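Chemist: Protein chains in written order, with my numbering: chain F, 1 to 114; chain G, 115 to 226.
It is possible that part of the hints are untrue.
Partial pick of chain G residues on the chain F-facing surface, computed with a CB cut under 7 Å [stated by the list, open to error]:
#	residue
1	Gly157
2	Pro158
3	Tyr160
4	Arg172
Footprint (simulated), chain G over chain F, 3 or more residues, beta carbon under 8 Å [what the hints assert, rightly or not]:
#	stretch
5	44–55
6	84–98
7	103–113
Once the Cα atoms are required to be at most 27 Å apart in a straight line, the calculated DSS-like pairs of lysine-lysine come out as [stated by the list, open to error]:
#	chain 1	residue 1	chain 2	residue 2
8	F	Lys65	G	Lys218
9	G	Lys117	G	Lys183
10	G	Lys117	G	Lys213
11	G	Lys218	G	Lys183
12	F	Lys7	F	Lys65
13	G	Lys213	F	Lys7
14	G	Lys213	G	Lys183
15	G	Lys213	F	Lys65
16	G	Lys218	G	Lys117
Just so you know, the hints here were simulated from the structure itself, not pulled from any lab data. Keep in mind it's a predicted model, so treat the numbers as computed, not measured. C-beta: ideal position from N, C-alpha, C; glycine also.
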Amino acid sequence: SAVISQKPSRDICQRGTSLTIQCQVDSQVTMMFWYRQQPGQSLTLIATANQGSEATYESGFVIDKFPISRPNLTFSTLTVSNMSPEDSSIYLCSVEQGINYGYTFGSGTRLTVV
Amino acid sequence: DAKTTQPNSMESNEEEPVHLPCNHSTISGTDYIHWYRQLPSQGPEYVIHGLTSNVNNRMASLAIAEDRKSSTLILHRATLRDAAVYYCILTYRGGSNYKLTFGKGTLLTVNP
Chain F
1 SAVISQKPSR DICQRGTSLT IQCQVDSQVT MMFWYRQQPG QSLTLIATAN QGSEATYESG
61 FVIDKFPISR PNLTFSTLTV SNMSPEDSSI YLCSVEQGIN YGYTFGSGTR LTVV
Chain G
115 DAKTTQPNSM ESNEEEPVHL PCNHSTISGT DYIHWYRQLP SQGPEYVIHG LTSNVNNRMA
175 SLAIAEDRKS STLILHRATL RDAAVYYCIL TYRGGSNYKL TFGKGTLLTV NP
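Bound-form chain F, shown alone (with noise of 0.2 Å):
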């Protein structure tokens, strides 16, 4: 299966600025998907990242505030922007294997906002 490196692993940032999220899959992918994870709460899709076109995002999830990048068959980026303590949480980044492999998923970037 794919495997997938995500980056940075974890941070701490002040409000008001932005980090990107990095993730690199070692074979050529259609979609990659991102999701974020709330303290303590299942995963919510942010959006899903196509190459060569806008990213799709999940109702009560904009541009603005989480523009996604997708120059190439293997990389995104996922940025969380004028961040708040809100946006405290896990993000993780996931590529499909064909179906009899499902979903891959990359460790996360555990993200804290102070």
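Please build the complex by placing chain G on the supplied structure of chain F, with the hints as guidance.
Modeler: Just chain G now, kept in the frame of chain F:
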């Protein structure tokens, strides 16, 4: 998306089988049943999936009711490393690149 219902938590003893139930009474004919688990401080991990027939792989077995309104994930011999949150997810699989919608899942505790 069709919804699933899972118990909030379950407990098992090491080396005993574990049966994790999932109800999905509104499942449609094109919905696949997926199971993922999330170990502490890790991203979710694919466990197994199926459509109509029971499925087995190296990690677990998936038993699907004949009417598909429920399913059971079976861990044949629980180990301490199986302690995790287990998510039962329905996905429409008209093509590839479907979305996963996570519920609250079942927190499995394995006692030594």
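Chemist: The structure should be examined with respect to each hint, and the outcome stated for every one.
Modeler: Status of the hints after comparison with the structure:
1. Gly157: Since the shortest Cβ distance to chain F is 3 Å, the answer is holds.
2. Pro158: Hint on Pro158 (chain G): holds, closest Cβ of chain F at ~5 Å, below 7 Å.
3. Tyr160: Because about 3 Å separates Tyr160 (chain G) from the closest Cβ in chain F, which is inside the 7 Å limit, the hint holds.
4. Arg172: Check failed: Cβ of Arg172 (chain G) comes no nearer than 13 Å to chain F, outside 7 Å.
5. 44–55: holds (count 3)
6. 84–98: holds (count 5)
7. 103–113: holds (count 6)
8. F:Lys65 with G:Lys218: It holds: about 25 Å lies between the C-alpha atoms, which stays within 27 Å.
9. G:Lys117 with G:Lys183: 11 Å, holds
10. G:Lys117 with G:Lys213: Roughly 14 Å between the alpha carbons, so the hint for Lys117 (chain G) and Lys213 (chain G) holds.
11. G:Lys218 with G:Lys183: 19 Å, holds
12. F:Lys7 with F:Lys65: 19 Å, holds
13. G:Lys213 with F:Lys7: Holds, because 23 Å separates the two Cα atoms, which is no more than 27 Å.
14. G:Lys213 with G:Lys183: Holds - the C-alpha atoms of Lys183 (chain G) and Lys213 (chain G) are around 20 Å apart, at most 27 Å.
15. G:Lys213 with F:Lys65: Satisfied, since the Cα-Cα distance of roughly 21 Å is no more than 27 Å.
16. G:Lys218 with G:Lys117: 11 Å, holds
This entry does not satisfy hint 4, going by the numbered hints stated previously; all others are met.
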